[in-house]
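**Q** Fit chain V to the supplied structure of chain W, relying on the hints for placement.
So the sequence lines, in the order shown, correspond to chains W and V. Position one of the first sequence corresponds to residue 10 (the working numbering), numbered consecutively onward. Position one of the second sequence corresponds to residue 1158 (the working numbering), numbered consecutively onward.
Keep in mind that the hints were calculated from the coordinates and are not lab data. All values derive from a computational prediction rather than experimental measurement. Every residue gets a Cβ at the ideal spot worked out from N, C-alpha and C, and that includes glycine. Errors might be hidden in some of the hints.
Not the full set, but computed from the structure, chain V residues with beta-carbon under 7 Å of chain W [unchecked claim]:
{"no.": "1", "residue": "R1208"}
{"no.": "2", "residue": "K1503"}
{"no.": "3", "residue": "R1526"}
One-sided excerpt, in silico: chain W residues whose CB lies under 7 Å from chain V [to be verified]:
{"no.": "4", "residue": "F80"}
{"no.": "5", "residue": "P172"}
{"no.": "6", "residue": "K243"}
Now for the letters of each chain:
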Amino acid sequence: MLRSEHVMAAVRRGRLVPHRLSPRDPRALEAAGELCALYAAHLGADRASLVGRLEALEEELGPRIDPRRGFRVVRALARLLEERAEWAPPTAADPYAVRTRIFELAAELPGLPAPEPDILGGPTREEVLARVAAETGVEDPAAVMYADRQAAQRLASFEEVRPEQLLERYNTAQVQGVLYAAREMVVDLGPGADARTVFRYVKNLGLIYRLEPLGEGYRILLDGPLSLFGPTRKYGVRLARFLPGLLLTSPWRLSAAVECRGREARLELDSETCGLKSHHAGARGEGDREEVRRAFARAWERCADTGGWQLEEGPTILPLPELRTALVPDFTLRNPAAGQTAHLEILGFWSERNLVERVEVLREANRRGHRLLVAASERLGASPEALSGAVRGGIIPFKDRLPARAVLEGLSR
Amino acid sequence: MADEISRRLGYASRSVIELLYDAGTLVAAGARRSRELPEPFVWDGRTREWRAPASAYRRAVLWMREAGIPHADRAAAFQRLSLESRVALEPRPYQREAIAAWRKAGLRGIVVLPTGAGKTAVAVGAIERTGRSTLVVVPTLALLKQWYSVLADAFGASVRVGLLGGGYHEVTPLTVTTYDSAYIHAERYGNRFALVVYDEVHHLPAEKYAVIPQMLLAPYALGLTATPERPDGRHALLPELAGPVVYRRSPGELAGRYLAPYELVRIPIELTARERLEYAQADAVYRDFLRKHRLQIRSPEDWQRFILVASTSHSGGREALLAARKRREIQNSAVRKVATLENLLKKHWNDRCIVFTKSVEEVYALSRRFLLPGITYETPARERKEILDRFREGRYRAIIASDVLNEGVDVPEAGVGIILAGSASRREYVQRLGRLLRPREGKRAVLYELVSRETGEEFASRRRGEGF
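Bound-form chain V, shown alone:
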């Protein structure tokens, strides 16, 4: 900072234009007239200098080069990296095509591939080819950790992988961050990266996150997603934010050859007599309250309204809340469900098995009970990588995971998946299946879904299956 200030003061009479990075913006010091600068630059009367969003960097440099305007680039602080992936992965043909299309489009654009088709491999290829400092932006802390382990596997020998967000604050030439952290910190580090990779790029046009690309100098960008379209129509902004769609394949085009077939086994779990009685009692209290207040539960918003009404209602609200909680507990912890799980784990002790559950507390309870490693959003990045590595190597036989593996990138191939108490969301369902759809020689994946009978869960399970 002090450096920058003295430089600005010292260059009172400069003959060349100096490009400086200033908190998410690009300052052209020493420019006298607007015609020395391309369009996004405007005069900032507050600080008396020419300023543009940092994203104007690529255009500005190309423009000044072409127009023969002498300039010094003191903005960019990214570096060349000699990156060579240690993981000898023969890219699948469509992955190679995707990288080629992206290069041809000027190292800027979006690749659309279905879940499970190896979007990460495309990113690793792009990072390797570009060979410059790279920032990877991901939507969740779980993905932050997953990308960390993918990049550490691929490039760990030549560069230390940095993490920004979720309690980590280590910025290196190859750093993974979340959209939320990028929103906050991009203005500090936005000049250090030549390439930015947006995972699940359909998040980027959200009003808040759309500021992120503005703050980054990065002349190169790669967006990845299975579904660029947004219900709010803001995907129209994507070309400006990350570039146009340069490559696209639908699940239909890849099915069979690259996405392994699987077998779905739904196991209905009967409640025990005692559970059934308790459930019926709690259910009656709960439904009574709903009826009295004319509430219907069809969406998460409805559920929040129920909580609100119940927590402020003078008569019966507290009882209704307790009953709702009890109902859920019975669903989630049905004795037979745990016994069935034990059975499946025994049966598949020699297959790789991933147990999925909605509840974090359940992960820890099952981990304690069966002495199997658990992974939740709380698991530190390095331990998570260690667990998944050992699972991949066969040193661990099974793992128990909460929702964190849902949008996964580095989930090892598993022979068996077991879903406990899933929620009624079709997208989530598909993505969970996607984890198991990774091809493995001669392997047919089995997915069990344990669904409680006589509870709302059966309905949820049926709904999830729709259209699949």
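Chain W with its partners taken away, still in its complex shape:
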């Protein structure tokens, strides 16, 4: 993420327009390319010289991109590359031990160690250094004495990136930067959006949400605990960190109230036109779960008699505000004739800790009167008793595939 001083945005009629670079702009691409190349070529060299090179590039490339703000653009791009770099100390010796010994020996002398020998023949700097070299085996103690400073670190690794990717990352980072000053955010999730991912981010970031059903989809209002007592920018950074999560799915629209130079402005985005890409990976292990879900949906379609039950895929969101999260079941089953609704949750291959939290969520949804069927893989490792204690109506165990019949049996119980 960028620092605030790298963030640039214009306000047009109360709307915020974050700065962006076109991935087709040859000058932006050139600058991104040179910066990427600089980092890649710098492997093994020290930080101070990289900082110097970057300063020179700022003055050289900046004005070409934008006469006024170009140097800030270059700085921001460098900042994003810095996230991909790892630095390591330049020496195996312990600079702290070396300098401490130098200071001790120098302080024991009857006078200031002379930087250059003089005719009086008093103690000299060279003598102190020579003695420390002999004691510690460090060849050049003066060079090593501050080798643990950041400026002396060497570039140990750099995860390379294509210039176009860097510009994409820049565009997302500028929007995130604008959000640092956000007080609240409203997200409208359209049909088919992955609400689970969205709520995973909401929960992990400690945000508080309110949920309103829309004609199609849901409206989620996001802020934090202290927002209750008046607007605060305290949660802006978290709303910024929420964005890459939202970018993992679609469709959505977003509107955020942002404080900008003492006034309120709005940032509005939608998944269709924003042209931003997430740099986060989706949840791991989702592949398996997707397969089980798809197989179940196929099995349901093939099933001749579903007793009037219809399978709905797509997000039903059951809000659980006390737990700061929401349950987004895999499927919702409706029986219009009987006027009944049930939700199906498939527990795949969860870690123990996730499972405990999940069971908590299920239990609370149950307590609120939602009818929940839980299908649990036998590979899950948890005892059915422990699970069914949490869930009324019992557990539907399955091996690799979840058969439609098993779910229908559960529904008739």
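**A** Then chain V, alone, in the frame of chain W:
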């Protein structure tokens, strides 16, 4: 977290109100009507519970106690500490008065004392008397490290001192943090401290930092400063944030008796012939550019505008930037300045001597040259404490410090101070002097200021002296 959740779920039909700490706020679980709760509580429709800022804790508990409302306090997680300062310090009378006034005001309020009068000693006394988990909030990383060493000296035997901020993340019942880190982390640890000490409390009313007290349960607060007033008038918020001013002494009231007199020696440094020539050339380029673009340099903002104009100007901008840099370099590294410093260090080899410089790089360069320990904002907290301890014990004869000792609390008494290339800020100047104004038996402090001739620095030095 899981604990808290199951507790909330488990207590569906409770008869007592449970106070819970929730991310910088106070939740009253099981309260049914608003009249069971004092004023700052409001119904949170988002999560369906009664909520107040964490700062309402003191008022809420007292109110419920008085009204006889059964409640269980599951919010507070602070503890009693048996704290006894190892440093046998006889507090000066005004320090004792300050602590007494603060106790009388209900362990909440602000103490105003001039720089160098030992505000830290007041805090150590207050922490010792309160004997509860304490959070100390300071404005800079340098002060973070300084408070660490003061508290470790005083209470290190009974409690481990924690640090939060500047790359440290260790929270203990006696923790030092910065305003910036407190802003970010207070909601995680805000229930662990009974007392919060705000050093340089005039920073607290800033819009961003004013949220910090809201997130802390701490029923007790102590604010310290030499100047509570703020140009933006927001000091009006201080009584609400940290309490009223409970004790105040001006420099005039303490001068002479407690602030040691000192002697100021200004040494003009002539540039060498070669430096003078180079300086004149760079200066001409620089001034030409200023004139051409009608710029005047009177403040840091003006300087930033110059950088902006120069870095985007098509003709002569780059040259002007280089010239400005060159000018500065000559000022800062004048050969005679280093030679003069060497002379002074030789002369005062047996006095305790602190060299102050503006530039971090200069600290390291001088440290390498003279083999004297340097302290900058980069110096780790433990090493910094070690260096200052050894200096105090006389094992180190001199130290070289960048700006980090400016707002200092634990700077050892020094007989000699040497300022290299200071900047034109009156406040900074006074505070630097303050470091040397610590009383020491029969000691008269000497402060040297090395000022380059024929450069802007002389003007800066004159300006700093104004009104002193």
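**Q** Would you mind marking each hint as holding or not holding in the structure?
**A** A quick look at each hint next to the structure:
{"no.": "1", "hint": "R1208", "in the structure": "holds, 6 Å"}
{"no.": "2", "hint": "K1503", "in the structure": "holds, 5 Å"}
{"no.": "3", "hint": "R1526", "in the structure": "holds, 5 Å"}
{"no.": "4", "hint": "F80", "in the structure": "holds, 6 Å"}
{"no.": "5", "hint": "P172", "in the structure": "violated, 23 Å"}
{"no.": "6", "hint": "K243", "in the structure": "holds, 6 Å"}
Checked against the numbered hints above, the structure violates only hint 5.
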